[in-house]
Amino acid sequence: MTVEIRKVVTNVEEVFHEGGPVAAAPLLVGSAAVVIANPFAGGYVEDLQPYMEELKPLGLEMAQRLVAAMGGDKSRISGFGKASIVGGGGEFEHGALWHVPGGYAMRELLGDAKAIVPSAKKVGAVGARIDVPITHINASYVRGHFNAVEVGVPGAPEADELVFILAMTTGGRIHDRMGGLRAEDVKGEDGLR
Amino acid sequence: MSVKVRKFVVIVEETQKEIGREIAPPTRRAAALAVIENPFADRYEEDLEVLMQAGEDLGKTLGEKAVAALGVAPSEIESYGKAAIVGEGGELEHAAAILHPRMGKPLRQAVEKGAALVPSSKKMGGIGSAIDVPLGHKDAAYVRSHFDGMEVRVPDAPRHGEIVVAIAVTDSGRPLPRVGGLTTAEVKGEDGLR
Chain E
1 MTVEIRKVVT NVEEVFHEGG PVAAAPLLVG SAAVVIANPF AGGYVEDLQP YMEELKPLGL
61 EMAQRLVAAM GGDKSRISGF GKASIVGGGG EFEHGALWHV PGGYAMRELL GDAKAIVPSA
121 KKVGAVGARI DVPITHINAS YVRGHFNAVE VGVPGAPEAD ELVFILAMTT GGRIHDRMGG
181 LRAEDVKGED GLR
Chain X
1 MSVKVRKFVV IVEETQKEIG REIAPPTRRA AALAVIENPF ADRYEEDLEV LMQAGEDLGK
61 TLGEKAVAAL GVAPSEIESY GKAAIVGEGG ELEHAAAILH PRMGKPLRQA VEKGAALVPS
121 SKKMGGIGSA IDVPLGHKDA AYVRSHFDGM EVRVPDAPRH GEIVVAIAVT DSGRPLPRVG
181 GLTTAEVKGE DGLR
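For the protein sequence lines, the chains are E and X, in the order given.
In terms of our numbering, the first sequence is residues 1 to 193.
In terms of our numbering, the second sequence is residues 1 to 194.
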């Protein structure tokens with residue numbers, strides 16, 4: 001079974017403000033989405049896990065592409081998330097194929113990030129969009145980093161396709177002021193605080 | 001910049017396969033967008049100079065960002081297009097002020113040459129509205145393989161009193177062009193048409 005890529009889309013937002021003080025350095029919010037053929041579309045297949053292994057190089061490639069699109073300095077990345085959109089001929093469970101290849105690749109690339117990568121998945125039609133949840137890469141409880149970015153690929157997924165998405169940010173919300181654990185207070189040992 | 005920018009967005013699309021066929025090298029499009037404050041929201045203003053100036057500024061900034069996103073030399077850009085979405089409180093003419101009088105010159109500098117008209121589109125829209133940026137060959141509008149469009153949007157814009165401005169460029173035409181017409185090899189690039 002091979003990984004057949006149809007399309008790759010990167011999207012990087014450079015946010016200066018949202019009605020409040022203009023940020024000294026703009027916040028970057030980026031996503032990379034890849035459209036691939038779903039080899040399991042059209043019928044129930046019991047054993048999906050070998051394909052997760054095959055997707056690992058794709059996970060790393062997407063993480064690298066996203067860091068490059070965001071300027072290339074991975075030390076600036078402090079938030080991440082991932083998501084899948086499964087075309088109508090596939091099954092929700094196929095979206096879960098992205099957990100290991102997407103999540104582990106991103107954590108490894110970002111220097112052994114400690115936190116779980118938050119995720120969302122859905123079955124969707126062509127042009128469907130998904131809100132990718134985002135949290136701090138080393139401590140899930142950092143409140144200022146609770147964020148989300150809406151992502152979609154025009155023209156995808158077709159019924160027999162999957163869209164796999166990675167998202168990263170260079171900081172918390174642009175006008176974060178809801179308190180809670182702050183990024184500078186992270187211990188970074190258990191992935192939570 | 002003559003107007004306040006809330007955010008820039010850069011989108012790159014790379015098509016490696018179409019209808020099961022490999023596209024080698026992949027076709028690539030990039031769009032650069034700005035979300036700007038509309039200085040004329042909620043009132044009729046006769047003189048749109050501020051937005052015309054914004055068009056000139058954005059022609060340079062967005063043109064350069066889009067070309068940089070493809071990582072190619074300006075001369076390697078093959079097609080281009082522009083568009084704007086005016087949020088609530090604005091009028092369609094605001095998009096025209098940005099897009100038409102002065103955006104072309106700096107955009108053409110960003111892509112080196114650009115003899116052809118820059119195809120454009122505009123609309124009034126709400127938060128998250130998408131717009132299809134029309135694309136045409138930068139030196140010869142009749143190149144049929146390069147008639148194309150790129151759908152873009154900014155999920156949280158345009159808000160009331162904002163305008164989304166987009167410039168798109170490519171380093172290629174459609175993935176599998178086969179409907180004839182003028183080809184890139186035949187382009188003279190003098191009159192902007194052929």
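Among the clues, some could well be false.
Said to hold, decoys possible - Listed below are several chain E residues computed to face chain X (Cβ distance under 7 angstroms; list not exhaustive):
| hint | residue |
| --- | --- |
| 1 | Val8 |
| 2 | Val9 |
| 3 | Thr10 |
| 4 | Val12 |
| 5 | Glu13 |
| 6 | Phe16 |
| 7 | Ser75 |
| 8 | Val126 |
| 9 | Pro154 |
| 10 | Arg182 |
To be clear, the hints were calculated from the coordinates, so they are not data collected in a lab.
C-beta: ideal position from N, C-alpha, C; glycine also.
**Request:** Check each numbered hint against the structure and report the violated ones by number, ascending.
**Result:** Checked against the structure, the hints that fail are numbers 7, 8 and 10, while the rest are satisfied.
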